Amino acid sequence: KDNIWKPRYAIALLLTMSLSLSSGGSSTRASSSSLTAATERTRRPIVTGTSVLGIQYAGGVMLAADTLCSYGSMAKYKDARRLISVNSKTLIGGGGEYSDFQAIRDLLKRNALEDKCTADSLYEDDTNASEECAKEVWNYLRAVMYNRRNKMNPLWNDLVVAGFTGSGDDSVPFLGYVDKIGTTYEDNFIATGFGSYLAIPILREKYRADLEEGEARALLEDCMRVLFYRDCRALNRIQIAKVTKEDGVLISDPYEIETDWKSASFVEPKGQLDGDGGW
Amino acid sequence: MIASDTRLTDGGYEILTREYMTGRIWESTGATHEEGQGYVLEYNENNENGIVEALVKDDGSITIPEDEASVPDINTIQQNEDGILQLPVTRNVNVFTRNQCPTFIASAGCASDCEALKRQIRSEINAHKHWNYGDATLTPTGIATLLGQTLYSRRTFPFYSFCILAGLEDVDMERDGNENFMGCVHIYDAIGSHERVAVATAGNGREMLQPILDRLFSTTTTTSSSKLRVGRDDDDDTKEKNYQYERRLQRDDRAVHASKQRIDLSLRPPVETYVSCNENEALALLVRGYRSVAEKEISIGDNIVVCILKRHTHGQTKQRLNVKQNLGKDEGSSSTLQVLRFPLKKH
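For the protein sequence lines, the chains are A and B, in the order given.
By my numbering, the letter at position 8 of the first sequence is numbered 8, and the numbering carries on one by one without gaps.
By my numbering, the letter at position 16 of the second sequence is numbered 16, and the numbering carries on one by one without gaps.
Isolated chain A, as found in the complex:
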């Protein structure tokens, strides 16, 4: 697009905003020119989402996340959607900086639209073959995150990619993780943020390969409840999303989970002090 500008518009050329996520700020050569805007880089996240949990069960993959975006210690946005569907095979959950997550969502949606428009057929049944499967999206996100980290300007997110990989009847469930420096791994259950400390031990204990959908959902809800009890930046209003071979991606509406504050360790603190004297 920029190539059509004639030389006398060189100044405007340099000030043109890049539409690509992966540019992540100017390169070092451009920044030495006095005509370019000052480059900035992400040093810390401002509006953040907390944990995302994921689990594979018999028949599909399920993610859970709460609907809170915190502004530091303020619970500012209580209806933020942190689980998104990219196409009929892939679901993404994101914690960390919410604006970076929105940028990733826009990037993936742009790619999905381009895939659809350049596919052999525009009809939905046929375009499913041209859609990127979950593993492809996971690998693509690894490249995006690693590239931005190499420019010392990361997209400050921990992402969970869930869905199916392979095509048609051979597709297998997939659950993978990408973090802000491009670390990737896949596993039967994943938790980001605080969930990796509080929920992973529960998931390791209770996970079985043949979990039913209801059991998987109950397990995730239990983990979200524990997170609400002990993570200061969590909320009890959560969303659950699942990907199955037959139904594709389904994301539930947000709902509140029940919590019980009458348990002994909340009522009577263990320490001697009147208040929280211990754990």
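Hints are computed from structural coordinates only; laboratory data are not their basis.
Incorrect hints may appear among the rest.
Facing chain B, according to a computed beta carbon distance under 8 Å, are these residues of chain A, among others [as the list claims (entries may be wrong)]:
1) 146
2) 185
3) 197
4) 198
Keep in mind that this is a model prediction, so the values were computed, not measured.
Even for Gly, the Cβ is constructed at its ideal location relative to N, Cα and C.
Following the hints, position chain B against chain A.
Quick look at chain B alone, frame taken from chain A:
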């Protein structure tokens, strides 16, 4: 033989996953095993129809075996009636024929950098194979140089990736045109300096494990005794008394004498680049060393995955492995790959 643990940590207290292999040990040349040829070891009754699964995935990483292997007992040499050494139980053995001899690289350090390095190396080698009519020119020494150059190309923003390269090199020591494959192991630092060694360790706990393995893999020192003369020789009466002291010289049997270092115009390293024990001993000592370092290093644990790569000259493959069925023709030399998993502490 190349081994890795499967734990991925964040450098602190968190274990991200207990089964991480994608960026750990990977095959660099894109070698694929022969689909029709494979060996199913006879003690595995589960695999009756003989389907041999690929041990190396599409992205080059190793599949973690589901079954746990047991460490061979080095005190009793297990042999079957033909005198063939018994190998630990594995589900299958992958066979690589023709010129495809896999070369493995294991990376430790920052997982994202290790993954990026893996992709870059595999892509370059794939391109090399494409533009150079196949993989006949890929030797471990060549790949070792490529890896060193790639790491140095990022001298100013390094890949935080400490690598070990392991492959089979045709050294042809007798210079008679017959192949003579020896194990080739190179150890790297993050910016590409490398050295060919017999035993290499990289990553967390390296400072603890390397000296242990050095010691375990060096055999007893040889001694030679000579009598020292302590007095003048001209007095016959005291001649016996003069030769009193015996001096034992201790030589490191892994050292290569300077006179043997020179081969034509090139130099061998001053230390042997292979260990002198057999496969079962090597496996037992390796696992023992790994379990030692796992006792003190929190980031090491969960499983050890060991890849054993062997070269068999013409006609020997079926004999060497105690096989139940040979699923294909056995022509020429081949390389075989076995992958074993041993449990390690989970805390």
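**Prompt:** Quick check: which numbered hints come out false for this structure?
**Reply:** Violated: hint 4 alone.
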